[in-house]
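A.B. asks: Spelled out, the chains give:
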Amino acid sequence: MTKSFTRVERPTPPGPLSNALTFGWRAVLKFKHVPEQLFDLVMTPIMFTLLFTFVFGGALAGSTGNYLQYLLPGILVQTVLFNAVYSGMGLSTDLSKGLFDRFRSLPIWSLAPFAGLIVGDFLRHLIAGGIILGIGLALGYRADSGLIGVVGAFLVLLAVGFGFGWCFIVLGLLVRTPTTVMTLGFTVLFPLVFASNVMVDPATMPGWLEAFVRANPVTWIVTAVRGLMDGTVTAGAVGLALLAPAVLALILMPLSLRLYRRS
Amino acid sequence: MAVAARGLSKSFGHLKAVDGIDLDVPEGEIFAILGPNGAGKTTLMRMLATLIVPDGGTATILGRDLAQDPAGVRSQIALTGQFASLDEDLTGRENLILLARLWGFSRAGSKARAAELLDAFDLADAATRQVKDYSGGMRRRLDIAASLIVTPGVLFLDEPTTGLDPTARQKVWRLIRQLAESGVTILLTTQYLEEADQLARRIAVIDHGRKIAEGTSRELKAEVGAGFLSVALADPSRLDAAAALLADSLGHEVNRNAEDTHLSVMVDTPAAANAALSALIEAGFEVTDFEMGAPSLEEVFFALTGRPADDTEGDAP
Ligand SMILES: Nc1ncnc2c1ncn2[C@@H]1O[C@H](COP(=O)(O)OP(=O)(O)OP(=O)(O)O)[C@@H](O)[C@H]1O
Ligand SMILES: [Mg+2]
Numbered sequence: 205m206t207k208s209f210t211r212v213e214r215p216t217p218p219g220p221l222s223n224a225l226t227f228g229w230r231a232v233l234k235f236k237h238v239p240e241q242l243f244d245l246v247m248t249p250i251m252f253t254l255l256f257t258f259v260f261g262g263a264l265a266g267s268t269g270n271y272l273q274y275l276l277p278g279i280l281v282q283t284v285l286f287n288a289v290y291s292g293m294g295l296s297t298d299l300s301k302g303l304f305d306r307f308r309s310l311p312i313w314s315l316a317p318f319a320g321l322i323v324g325d326f327l328r329h330l331i332a333g334g335i336i337l338g339i340g341l342a343l344g345y346r347a348d349s350g351l352i353g354v355v356g357a358f359l360v361l362l363a364v365g366f367g368f369g370w371c372f373i374v375l376g377l378l379v380r381t382p383t384t385v386m387t388l389g390f391t392v393l394f395p396l397v398f399a400s401n402v403m404v405d406p407a408t409m410p411g412w413l414e415a416f417v418r419a420n421p422v423t424w425i426v427t428a429v430r431g432l433m434d435g436t437v438t439a440g441a442v443g444l445a446l447l448a449p450a451v452l453a454l455i456l457m458p459l460s461l462r463l464y465r466r467s
Numbered sequence: 142m143a144v145a146a147r148g149l150s151k152s153f154g155h156l157k158a159v160d161g162i163d164l165d166v167p168e169g170e171i172f173a174i175l176g177p178n179g180a181g182k183t184t185l186m187r188m189l190a191t192l193i194v195p196d197g198g199t200a201t202i203l204g205r206d207l208a209q210d211p212a213g214v215r216s217q218i219a220l221t222g223q224f225a226s227l228d229e230d231l232t233g234r235e236n237l238i239l240l241a242r243l244w245g246f247s248r249a250g251s252k253a254r255a256a257e258l259l260d261a262f263d264l265a266d267a268a269t270r271q272v273k274d275y276s277g278g279m280r281r282r283l284d285i286a287a288s289l290i291v292t293p294g295v296l297f298l299d300e301p302t303t304g305l306d307p308t309a310r311q312k313v314w315r316l317i318r319q320l321a322e323s324g325v326t327i328l329l330t331t332q333y334l335e336e337a338d339q340l341a342r343r344i345a346v347i348d349h350g351r352k353i354a355e356g357t358s359r360e361l362k363a364e365v366g367a368g369f370l371s372v373a374l375a376d377p378s379r380l381d382a383a384a385a386l387l388a389d390s391l392g393h394e395v396n397r398n399a400e401d402t403h404l405s406v407m408v409d410t411p412a413a414a415n416a417a418l419s420a421l422i423e424a425g426f427e428v429t430d431f432e433m434g435a436p437s438l439e440e441v442f443f444a445l446t447g448r449p450a451d452d453t454e455g456d457a458p
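In order, the protein sequence lines correspond to chains A and C.
Residues 205 to 467, numbered by the working numbering, are exactly what the first sequence covers, in order.
Residues 142 to 458, numbered by the working numbering, are exactly what the second sequence covers, in order.
In case anyone wonders, no lab produced these hints; they're calculated from the structure.
There is no bait here: all hints are sound.
Restricting the straight-line Cα-Cα distance to at most 30 Å, the calculated cross-link-like pairs of lysine-lysine (DSSO-like) are: (1) A/K236 - C/K273; (2) C/K157 - C/K362; (3) C/K157 - A/K301; (4) A/K301 - C/K273; (5) C/K252 - A/K234; (6) A/K234 - A/K301; (7) C/K273 - A/K234; (8) C/K352 - A/K301; (9) C/K252 - A/K236; (10) A/K301 - C/K252; (11) C/K312 - A/K301.
All chains, full assembly: derive it from the sequences and hints.
C.D. replies: So this is what it looks like as structure tokens:
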């Protein structure tokens, strides 16, 4: 430590895109250093897939093969939704540690940290979704619509992840304890995911529950993703699936900005 | 002036965390803000670093107005917060490269800048370790390095050495001095008079969000006294009697610490301290412990305000 400090001037300020990509790189590095996080992301959906397929599959759909065909697209939606909670936890951790103080005192595009968060989320959704799909294929799942349908389904999943992601970004900004973010997140998500058509055809449910399930945005999303992968999708179903994510993003994006600037 | 603040204020609910503070920090100097827990040091620093918006008052940093041109302020400053603002999962090197990229360095330039800083901060050996495995001193050094990717005009350091052992503290002090020599204006906060004394040309003492004194270390000491004698008795019930005797012998007001175990009193010369101690012993007081030293923060506060640092005006009887 004998070196004296020579002055270093600022290089040409980078554009917003460069800043956002740098934050995305941070998300990639996190995968490198904390690969365990993937375990958190895929363990629950894998357990669900295996348990439901082999325990209830025969009873619910006549055979495990038929049931897996029904369940897998729903599990992909569930994976993306639960993933979004983990990303809110990550934000809350960063905020509680003062890391964002440093980012906020830098002369950079003030939204770049969020852009990075979203890049990281997309990566997480793609990796976790890919793993679940891979396991499904190994168990005998077949996407009747082929590659194009799967790509379409994943695009819808990313849109869903993006839209619902803002719920947990807002929660992460409001609540500075990561575990509280998780508890609150799952408290909201569990009823939405279970009282939907992820696992069971709503036609088999009691009337009042069926009404709820049919009005549940998670149901609309699952219908579209399932349709895309089975090759039976309609444009209306996709539109309906994107409604909730679009509304959430429109309302919550500006709210997040306000909360972030204020905090 | 590197920093010029007038009447800066910030309340949280009813609590006035910072209550009308004026500051003038000349360019190229180390300036210390000395205050106990809850004095408002962090709140003041965060306002100056554009992280929270003041309720009242104005400030300019190197001529840029905090309210009118926060982006301009951000381009001139760097803040090393009280709590490490590093990504614990990344390595030290990755943390620095990340920030260098955000500042606009090229890929190669970022790597080179990270390597230079790791070298200058004695962290080259730990460069590829995750920050969560760093010691407190290493973290602190990396955190300061992270503020120097681009040399700032003004560097804010919030309690740079709290929680460090003496060796690590010396290391950080040396760094701070070198930085100041290279022309960076440094505004730091501390709870230690010794730290302010060692590093800073000027010191502002704050308490309950207000500035209660400001001056060079020499000026403050003249107000506070050159040294303090601290005494503990075997029989605490006789503290009052001993205090009377000490006040008589030394001619200064005697302070009792918050735990009611020690008396401390300003002394003008070592001979006077010696005489006072002898007088105590001759009067039959059993002295279990005594110490002569520079005034502690507690004693500075007592001398400046006539009340202990942790006492609030509101709850005085
Ligand atoms: N976000 C906040 N909300 C409510 N009160 C706050 C907030 N931040 C600080 N305070 C309060 O404001 C006062 C000043 O806090 P501050 O953190 O500025 O003190 P400090 O001098 O930095 O103390 P320390 O030496 O403990 O770091 C404290 O009483 C604290 O509880
Ligand atoms: Mg503080």
